[in-house]
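With these hints in hand, go ahead and build the complete structure from the sequences.
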Amino acid sequence: MTNIIEVKHLRKTYQDGDAEAQTVALRDVSFSVRKGEFLAIMGPSGSGKSTLLHLLGLLDTPSKGSYIFDGKNILSYTGDELAKMRNEKIGFVFQAFNLLARTSVLENVKLPLAYSDIPEAQWDEKARAAIEAVGLGHRMEHEPAELSGGEKQRVAIARALVTNPDVIFADEPTGNLDSKSGKNVMSIIQDLNERQGRTIILITHETSTAEHSERIIRLIDGEIESDTKVARRLKASDDLVK
Amino acid sequence: MTIKHIVKTAITGLRTNRSRSILTIIGIVIGITAIMLVMSLGAGAQNLILGEVQGLGTNTIAVIPGREPTGPSDTAQLFSDSLKPADIVALSKKANVPGLVSIMPTVLGAETASYQSNAYSVSIFGATDLIASIFSLNPSKGYFFTSDDVTSSNDVVVLGNKVVEHLFDGTDPVGQKVKIKGRNFKVVGILPASGGGTLFNFDSMVIMPYTTAQNYILGTNYFNRVIMQAVSDAAVPVTSNDIRLTLEESHGITDPTKDDFTVQTQQDLANRLGTITTALTWFLVAMASIALFVGGIGIMNIMLVAVTERTREIGLRKALGATNSDILTQFLFEAVFLTGIGGLVGIILGSSLAYIISYILSAGLHLNWQFVFPWLGAILGFGVSALVGLVFGSYPAYKASKKSPIEALRYE
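Protein sequences, first through last, are from chains A and B. In terms of numbering that gives the first Met the number 0, the first sequence opens at residue 0 and continues consecutively. In terms of numbering that gives the first Met the number 0, the second sequence opens at residue 0 and continues consecutively.
Hints in this document: simulated from the structure, not taken from any laboratory. Virtual Cβ for every residue (Gly too), placed ideally from N, Cα, C. Any given hint might turn out to be false.
A few chain A residues that face chain B, going by a derived Cβ cut-off under 7 Å, partial list only [as the list claims (entries may be wrong)]:
#, residue
1, D59
2, Y76
3, D79
4, N97
5, R101
6, A144
As structure tokens, this is what we get:
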């Protein structure tokens with residue numbers, strides 16, 4: 000199977016206030032992700048997992064190392080080309096949902112389409128399909144303030160899905176949710192991976208959440224501490240039935 | 000991004016902070032309102048003045064003695080006695096000034112007129128019978144003096160409305176005699192009130208044949224002003240040039256810069272007054288523009304706040320695929336949209352106010368004042384307000400577009 004992500008000797012440093020001090024967020028990280036894989040990246044806060052997500056999600060560029068995404072060396076890409084890649088190939092789900100206030104569910108989900116090359120005539124159909132897929136067909140015209148946390152995160156997932164991306168990055172997607180809503184969201188994410196074959200990269204600090212994936216990379220102090228297969232994978236839909 | 004989406008986003012953005020958006024717009028509204036008001040009233044004043052000047056007939060040409068000083072160092076004498084009867088003869092010759100159809104020498108003076116125990120300070124205006132047609136004067140009672148009266152320097156006068164009011168307590172003045180400088184003059188006609196505001200106000204004038212005024216009151220043999228009419232408006236430039244050449248020859252002047260007289264046309268006067276009112280209007284527009292500038296700074300201030308407040312939104316949009324120029328366009332359009340609305344409201348408000356003021360001036364003060372919708376002001380005002388949005392919105396929009404998506408998403 001082909002790799003969708005290949006990173007080698009990835010390093011990211013931040014310049015602090017004065018020129019001398021440097022903070023190393025990622026030291027030397029190398030791994031690859033197969034197409035259709037469900038990977039969880041774990042680590043305590045400050046371990047560099049957010050930095051890694053930003054680099055993998057094309058939101059930031061590394062200080063050193065190489066990054067091949069979908070067969071392309073994206074380090075040579077311009078800002079606009081990266082924006083296009085994010086729009087077409089990547090979907091983001093954030094811990095804080097990041098939905099636009101005073102904007103309906105439907106319009107929120109259409110947002111990525113506004114920055115795409117997809118003709119406007121297809122936006123409605125695509126957005127409605129994505130919302131139906133996360134089970135919120137009855138909430139199309141509602142605004143985020145009228146939704147529960149779990150529903151908001153499902154809207155965010157629909158928004159991530161609407162451009163039909165190859166990879167979905169989920170950054171602590173259950174962090175702001177109660178356990179039942181969290182399970183619901185995890186079951187949708189698992190479904191995306193298993194039935195639709197999308198590559199999922201999940202960032203979390205909870206082992207119970209990480210164990211829904213096939214493989215866990217643990218980061219400590221900006222380095223990979225372990226990279227293991229999940230022996231007994233949790234199935235979110237099983238818990239929901241109980 | 001499609002235009003439709005940009006507009007939709009801007010409306011949502013501005014609606015989210017409705018009261019703040021309205022307060023921000025007020026600065027622009029005031030600026031544009033002031034500009035519209037000044038331009039409309041300026042145009043109204045210009046029309047009023049030009050209307051009066053042109054009411055005299057645009058084919059009218061006047062010659063006054065003396066030359067206009069060309070600058071502070073020009074110490075020209077006044078030449079107050081340079082227009083003599085010989086000039087009238089020379090000007091009246093068809094060969095000299097072919098375009099001339101009528102010529103009227105006039106003299107001016109100030110005296111006290113009395114009737115029985117009443118006395119009143121009046122202006123003496125000595126003219127010929129042509130005065131009635133040149134100034135469109137119609138006696139409300141009696142008649143104007145004739146050319147015979149002029150030739151024989153008869154003691155006849157026509158009185159302005161105020162003179163009648165002050166001298167005659169209700170008695171009919173026509174046929175009565177008023178006393179000026181110890182001499183009795185028979186009143187042959189009286190004029191109706193000419194109303195306020197006119198440039199040539201005959202209300203406190205005593206009009207008589209210029210020969211009478213010269214012989215019995217002023218004791219002079221020169222003229223204060225010679226008023227002529229050209230055959231048509233188009234003939235005015237040629238005719239006024241002929242007049243100048245004739246007078247130069249008659250006065251023995253070879254260097255035109257040493258002329259001891261000035262030829263004025265109504266068209267010159269209209270142009271000059273037009274220039275003055277236009278300059279005044281633009282000066283006031285410049286003052287009003289300061290309000291617009293302050294409004295623009297208000298826009299910049301608010302847009303900077305909005306950019307900081309919406310850092311997360313910017314980050315999200317970038318994560319979802321917005322390019323820097325998408326973000327720039329969005330914020331820039333929001334600013335232009337905001338100021339554009341302000342401009343429209345200002346145009347409506349400013350012209351409404353100008354309309355009300357025009358109404359008060361014409362109805363309350365009986366001025367012949369007409370409301371003018373300043374199209375130039377409206378187009379300019381709308382363009383400038385959009386430009387203000389563009390200029391003062393560009394820095395905040397630039398800042399927004401340069402925000403790093405991770406900084407933006409991390410921002411709480």
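If you check each hint against the structure, which ones fail? Failing hints, ascending: 2 and 6.
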